[in-house]
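Novice: Chains as they are written, first to last, in the numbering used here: chain A, 1 to 444; chain B, 1 to 444.
Don't take every hint at face value.
Identical chains share a label here; the pair holds if one copy fits it or two copies do between them.
Each computed BS3-like pair below joins lysine-lysine, with the alpha-carbon atoms no more than 30 Å apart [claimed, not checked]:
no., residue 1, residue 2
1, K197, K51
2, K180, K197
3, K12, K197
4, K53, K180
5, K180, K16
6, K153, K276
7, K172, K53
8, K16, K197
9, K197, K53
10, K113, K51
11, K79, K180
12, K51, K276
13, K153, K180
14, K113, K276
15, K51, K12
16, K407, K276
17, K197, K153
18, K40, K276
19, K12, K53
20, K79, K408
21, K408, K180
22, K407, K113
Because the hints were derived from the structure by calculation, they are not lab data.
Values in this document were obtained by computation on a predicted structure and should not be read as measured data.
Number of protein chains: 2
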Amino acid sequence: MNRQILTDLLRKRDFKAVRSILEVMYTVDIAALLAELDDKEMILAFRLIEKAKAAEVFAEMSSSMQAYLVEMFTEKELKELLDELYMDDTVDLLEELPANLVTRILEQVDREKRAQINTILNYPEDSAGSIMTTEYVDLRRTTTVREAMEHIKQTGIHKETIYTCYVLENRKLIGIVSAKDLMTMDDDLTMDELMEKEIISVTTHTDQEEAVRLLSRYNLLSLPVLDQQGYMVGIVTIDDAMDVLVDETTEDMEIMNALSPSEQPYFETGVFRHAKNRIVWLLFLMLSATLTQTIIAHYEAAFTAVPLLVSFIPMLTDTGGNCGSQSSTLIIRGLALDEIHFGDIFRVVFKEFRVAILVGAALAIVNGVYMVIRYRDPMLALLVSISLVATILIAKMIGCVLPLFAKKLHMDPAIMAAPLITTIVDVCSIMVYFQVATHLLGLI
Amino acid sequence: MNRQILTDLLRKRDFKAVRSILEVMYTVDIAALLAELDDKEMILAFRLIEKAKAAEVFAEMSSSMQAYLVEMFTEKELKELLDELYMDDTVDLLEELPANLVTRILEQVDREKRAQINTILNYPEDSAGSIMTTEYVDLRRTTTVREAMEHIKQTGIHKETIYTCYVLENRKLIGIVSAKDLMTMDDDLTMDELMEKEIISVTTHTDQEEAVRLLSRYNLLSLPVLDQQGYMVGIVTIDDAMDVLVDETTEDMEIMNALSPSEQPYFETGVFRHAKNRIVWLLFLMLSATLTQTIIAHYEAAFTAVPLLVSFIPMLTDTGGNCGSQSSTLIIRGLALDEIHFGDIFRVVFKEFRVAILVGAALAIVNGVYMVIRYRDPMLALLVSISLVATILIAKMIGCVLPLFAKKLHMDPAIMAAPLITTIVDVCSIMVYFQVATHLLGLI
Chain A
1 MNRQILTDLL
11 RKRDFKAVRS
21 ILEVMYTVDI
31 AALLAELDDK
41 EMILAFRLIE
51 KAKAAEVFAE
61 MSSSMQAYLV
71 EMFTEKELKE
81 LLDELYMDDT
91 VDLLEELPAN
101 LVTRILEQVD
111 REKRAQINTI
121 LNYPEDSAGS
131 IMTTEYVDLR
141 RTTTVREAME
151 HIKQTGIHKE
161 TIYTCYVLEN
171 RKLIGIVSAK
181 DLMTMDDDLT
191 MDELMEKEII
201 SVTTHTDQEE
211 AVRLLSRYNL
221 LSLPVLDQQG
231 YMVGIVTIDD
241 AMDVLVDETT
251 EDMEIMNALS
261 PSEQPYFETG
271 VFRHAKNRIV
281 WLLFLMLSAT
291 LTQTIIAHYE
301 AAFTAVPLLV
311 SFIPMLTDTG
321 GNCGSQSSTL
331 IIRGLALDEI
341 HFGDIFRVVF
351 KEFRVAILVG
361 AALAIVNGVY
371 MVIRYRDPML
381 ALLVSISLVA
391 TILIAKMIGC
401 VLPLFAKKLH
411 MDPAIMAAPL
421 ITTIVDVCSI
431 MVYFQVATHL
441 LGLI
Chain B
1 MNRQILTDLL
11 RKRDFKAVRS
21 ILEVMYTVDI
31 AALLAELDDK
41 EMILAFRLIE
51 KAKAAEVFAE
61 MSSSMQAYLV
71 EMFTEKELKE
81 LLDELYMDDT
91 VDLLEELPAN
101 LVTRILEQVD
111 REKRAQINTI
121 LNYPEDSAGS
131 IMTTEYVDLR
141 RTTTVREAME
151 HIKQTGIHKE
161 TIYTCYVLEN
171 RKLIGIVSAK
181 DLMTMDDDLT
191 MDELMEKEII
201 SVTTHTDQEE
211 AVRLLSRYNL
221 LSLPVLDQQG
231 YMVGIVTIDD
241 AMDVLVDETT
251 EDMEIMNALS
261 PSEQPYFETG
271 VFRHAKNRIV
281 WLLFLMLSAT
291 LTQTIIAHYE
301 AAFTAVPLLV
311 SFIPMLTDTG
321 GNCGSQSSTL
331 IIRGLALDEI
341 HFGDIFRVVF
351 KEFRVAILVG
361 AALAIVNGVY
371 MVIRYRDPML
381 ALLVSISLVA
391 TILIAKMIGC
401 VLPLFAKKLH
411 MDPAIMAAPL
421 ITTIVDVCSI
431 MVYFQVATHL
441 LGLI
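Working from the sequences, and respecting the hints, build out all of it.
Specialist: The structure is reproduced here in C-alpha cells:
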C-alpha cells in the first residue's frame with residue numbers, strides 16, 4: 001500500500017475504498033502510512049479507521065502525531081479513543097504529551113482510571129511499574145476450568161493478554177494458570193488443582209531490564225507485577241518486553257560509543273539534538289587527552305633524538321584501545337546478560353591476564369619480525385614489541401576491571417567502554433613506551 | 001535451592017525429597033543447578049525428573065551436558081527423551097552433538113521425524129528454517145470454534161504453541177486464528193469467518209533476524225514459515241525469537257569491538273579460544289597501522305622543527321576515532337532496526353555533514369581557547385583547531401558511509417565500526433594535520 005494511492009482516494013472522497021483498505025492493513029503499517037500524509041489528510045484517514053482498531057493504530061504512532069490528534073479531536077472522539085486504549089498505551093501517551101493536553105485527557109477518563117494512571121505515572125522511569133498494564137484476567141481459587149473459560153468469553157476481549165491468568169486471594173497473587181491449561185484440561189478441575197504455585201514476579205520498582213530478563217529466562221508471555229505491600233497491580237507483557245530489550249541494547253551501544261542515548265530514531269532527531277548528544281562526551285574525552293599532551297611533551301628529548309619513535313605512537317595506542325575495548329565489551333555484555341557478576345572479579349582478571357599474555361606474545365612476534373625486516377634495527381623492534389606487550393596487558397586489565405567496578409558502584413557499566421578505555425590506555429601506553437625507550441636506547 | 005542440599009539428599013539416597021524439589025522448580029533453574037553437580041550426581045538427579053519435564057530441562061542444558069547424557073542413556077531412555085523433545089530443540093541438540101551420537105539419535109526416531117530433522121538441519125545457518133519448530137495447531141476452513149477447541153483439547157498439549165492456529169488448505173496457509181478468538185467468539189462460527197487473511201510469513205531461507213523483526217513489529221507470538229513452494233512447514237516462536245535477538249545483538253557488539261563473535265558465554269570459553277577470537281582483528285588493525293607509521297615518518301622534518309606538534313597526535317586521532325564511531329554506531333544500529341536503508345545515503349551524508357560542522361566548531365573553539373591560554377601561541381592553536389574540524393568532518397563522513405556500503409555489498413555493517421574507522425581516520429587526520437602544519441607554520 002503506498003501513500004499516493006491513499007492520497008488520491010482521499011482527494012476523490014472515496015471513503016468507502018479507504019475504509020476497505022484500512023480494514024485489511026495491520027495497525028503498525030497503517031501508523032507508518034499515516035506518518036507520510038500531511039496533517040489534514042492524516043486526521044481524515046484516521047477518522048475512517050474502525051474504533052477499536054483506531055486505538056491500536058494510535059498506540060503505534062509517534063508522539064508528535066499523537067499530540068496533534070489529541071489537539072484536533074472533539075471531546076467525544078477523545079473519550080472513544082481513551083475507552084479503547086490499553087492502560088500502558090494511555091500512560092505512554094501521557095508521558096509524552098504537553099501539559100495542557102494531559103489535563104484534557106485526564107478530564108475525559110473516569111475517576112478509577114485516573115487514579116490508576118496517576119499511580120503508574122509516578123513509578124520510576126524504566127521500572128516495571130512504568131511499563132506494566134493494569135488489565136489482566138484474574139480468577140479465584142475455587143473457579144473451575146469451565147467457569148474460567150466462561151469468564152474469559154465475557155470479559156477477555158478487553159484484556160491485553162488472556163494467555164496467562166492470575167489466581168488472586170484478597171488481592172494477593174497465589175497462583176498462575178495458562179490458557180493452554182484451561183484449553184486442554186478437564187472442565188471440572190478448579191484453579192487450586194491446576195495452578196502453578198511457584199510464582200515468578202517483580203515489584204513495581206524492579207528495573208525493567210530485570211523484568212525482561214525474567215520473561216526471557218522463563219519463557220513467559222507475561223510477568224505479574226506486585227506493589228510494595230505484595231498486592232498484584234499489573235503485568236508486563238512479552239511484546240513490551242521485546243521493545244524494552246531493543247531500546248536498552250540501543251542505549252548500551254550508544255553509551256559504549258560516546259553518544260548520549262536518544263530514544264528517537266535517527267531521522268526523527270534534529271541536527272542540533274544530534275550534535276548535542278555527541279559533543280558532551282567528545283569534549284570530556286578531548287580535555288582528558290591534554291594529559292597525554294603533557295606526557296608526550298615531557299619526553300621531547302627522546303623523540304627529537306630518535307624521531308622514528310613518534311611514528312609508532314598511533315599503532316601502540318590504537319592496539320591498546322582495541323584490546324581494552326575487546327575486554328570491556330565482553331564484560332559489559334556479560335554483566336547485562338547476568339552471566340558475570342562483581343564477585344567474579346578475580347576469575348575475570350586471571351582469565352584476561354592469560355589472554356593478554358597470549359595476545360601480546362602473538363602481536364609482539366609479528367611486529368618484531370616486521371620491524372626487523374623493514375627497519376633492520378633489532379633494538380627498535382624489541383623496544384616497540386615490549387611496549388606492545390605491556391600496553392596490551394594494561395589495556396586488558398583496565399578494560400575488564402572498570403566495568404565491574406562501575407556495576408558495583410551502581411553506575412551503568414556501558415560507560416566504561418572503548419572511548420574512555422582508549423583515553424586511559426593512551427596515557428599508560430605512551431608512558432610505558434617512552435620509559436622503555438629511555439632505558440633501552442639509553443636516551444636522556 | 002542450592003547445590004549442597006541436593007548433593008546431601010542424593011548421598012542419603014532420599015530420592016523422594018529430591019523428586020519433590022525438582023517437581024516445583026522451574027526447568028531453567030533445574031538445568032542451572034544440575035550444571036553445578038558432578039557427572040554422576042547429575043545423571044542421577046536427571047533420572048529423578050518426571051519425563052515430560054525432563055525433556056524441557058534437557059533443552060535448557062549446555063551442549064556438553066547434553067552430549068554426556070546422550071552417551072550415558074540407555075536406548076529406552078533416549079527414546080523417551082526424544083519423544084518428549086520439541087522438534088526445534090531436537091535439531092539444536094543434533095547441531096551440537098559429535099557425529100557418533102547424532103547417528104545414535106537418528107536411529108531412535110521414526111522415519112517421519114528423521115525426515116523432518118534432516119530437512120531442518122539442511123537449512124542455512126541463521127535462517128528461519130533452522131530455528132523453526134514443525135509442531136503447530138492446524139485447522140481447516142470449515143472447522144467451527146467448538147470443533148477447534150475440541151481438537152486443541154485432544155492434541156494441543158503436544159504442540160509447542162497453541163495460541164496461534166493456522167488454517168490450511170492443501171498444505172497452503174490461508175488464514176490465521178488466535179486462541180483469543182477461539183476463546184471469546186461464538187462457538188458456531190467457522191474458521192473461514194474468523195480468520196485473519198492478511199498473513200505475515202517468512203520462508204525457510206529468510207534470515208532469522210528478519211523473522212524476529214516481523215514478530216516484534218506485528219506483536220506476534222509465532223510466525224509461520226513457508227517452504228520455497230509456499231507450503232507451510234513450521235513456525236518460529238516468540239521465546240526463540242527473544243534468544244535470537246539477544247544473540248544477534250551480542251554478536252553485533254562483539255564485531256563492533258574487534259572481536260570474532262562467539263556463541264559461548266564468557267566463562268565457558270577457554271583462554272586459547274578467547275585469544276584466538278581477539279588476535280585476528282588485532283593483527284589486521286596493527287598491520288594496517290603501518291601506513292600511519294610511513295606517513296608520520298614522512299613528516300619527520302616538521303615535528304623535529306616543532307616537537308610540540310607530536311603531543312597533539314593522540315588527541316586528534318582519538319577525537320577522530322570517537323566521532324567516526326559515533327556516526328557508524330548510529331548507522332549500524334539504524335540498519336539493524338530497519339530504520340535506515342542504503343537509499344537514504346544522501347540524507348544521511350547531509351545530516352552528518354551538518355552535525356560534523358556543529359560538533360567541529362564547538363570542539364575547535366574550546367580547544368583553541370584552551371591552547372591559547374596554555375601555550376600562548378595563537379598560530380599553534382589555529383593549526384590544531386583547523387585540523388580538528390577537518391578530522392571530525394572526515395571521520396563523520398567515513399563513519400556514516402562505510403556501514404551503508406557494507407550493507408549494499410551484503411556484508412555485515414557491524415564490521416565498519418570503531419576499530420576499523422579509527423584506523424582509517426588515523427591516516428586521514430595525521431595527513432591533514434601535518435599538511436596544515438607545513439603550510440601554516442611555513443615548515444619544510
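Novice: Indicate, hint by hint, whether the structure satisfies it.
Specialist: Evaluation of the provided hints:
Taking CA atoms no more than 30 Å apart as the test, K197 paired with K51 passes between copies only; the shortest distance there is 20 Å, against 39 Å inside one copy. For the identical chains of this complex, K180 and K197 are neighbours both inside a copy (16 Å) and across copies (24 Å), given an alpha-carbon limit of 30 Å. In this assembly of identical chains, K12 and K197 lie within 30 Å of each other by CA distance solely across copies; the values are 28 Å between and 60 Å within a copy. Proximity of K53 and K180 under a CA criterion of 30 Å is satisfied in both settings, with 26 Å inside one chain copy and 16 Å between copies.
Proximity of K180 and K16 under a CA criterion of 30 Å is satisfied inter-copy only: 29 Å between copies versus 40 Å inside one chain copy. Neither within a single protomer nor between protomers do K153 and K276 lie at most 30 Å apart by alpha-carbon distance, with minima of 52 Å and 58 Å respectively. In the homo-oligomer, the alpha carbons of K172 and K53 lie at most 30 Å apart only across protomers (28 Å), although the nearest pairing inside one protomer, at 33 Å, exceeds that limit. In this assembly of identical chains, K16 and K197 lie within 30 Å of each other by CA distance solely across copies; the values are 20 Å between and 52 Å within a copy.
For a Cα distance limit of 30 Å, the shortest separation of K197 from K53 across copies, 16 Å, qualifies, whereas the shortest one inside one copy, 36 Å, does not. Taking the shortest Cα distances, K113 and K51 sit within 30 Å of each other inside one copy (20 Å), while across copies they are farther apart (47 Å). For a Cα distance limit of 30 Å, the shortest separation of K79 from K180 across copies, 26 Å, qualifies, whereas the shortest one inside one copy, 35 Å, does not. Taking the shortest alpha-carbon separations for K51 and K276, neither the intra-copy value of 41 Å nor the inter-copy value of 58 Å comes in at or below 30 Å.
Taking the closest pair of Cα atoms, K153 and K180 come within 30 Å of each other both inside a single copy (15 Å) and across two copies (9 Å). For the identical chains of this complex, K113 and K276 are neighbours neither inside a copy (38 Å) nor across copies (58 Å), given an alpha-carbon limit of 30 Å. With identical chains, the CA atoms of K51 and K12 are at most 30 Å apart within one copy only, with a shortest distance of 23 Å there and 65 Å across copies. Both within a single protomer and between protomers do K407 and K276 lie at most 30 Å apart by alpha-carbon distance, with minima of 26 Å and 28 Å respectively.
In this assembly of identical chains, K197 and K153 lie within 30 Å of each other by CA distance both inside one copy and across copies; the values are 25 Å within and 23 Å between. Neither within a single protomer nor between protomers do K40 and K276 lie at most 30 Å apart by alpha-carbon distance, with minima of 33 Å and 59 Å respectively. Proximity of K12 to K53 under the C-alpha cut-off of 30 Å is restricted to the intra-copy arrangement: shortest distance 24 Å within a copy versus 61 Å between copies. For the homomeric pair K79 and K408, neither the shortest alpha-carbon distance inside one copy (48 Å) nor that between copies (47 Å) is at most 30 Å.
Neither within a single protomer nor between protomers do K408 and K180 lie at most 30 Å apart by alpha-carbon distance, with minima of 42 Å and 44 Å respectively. For the identical chains of this complex, K407 and K113 are neighbours neither inside a copy (38 Å) nor across copies (47 Å), given an alpha-carbon limit of 30 Å.
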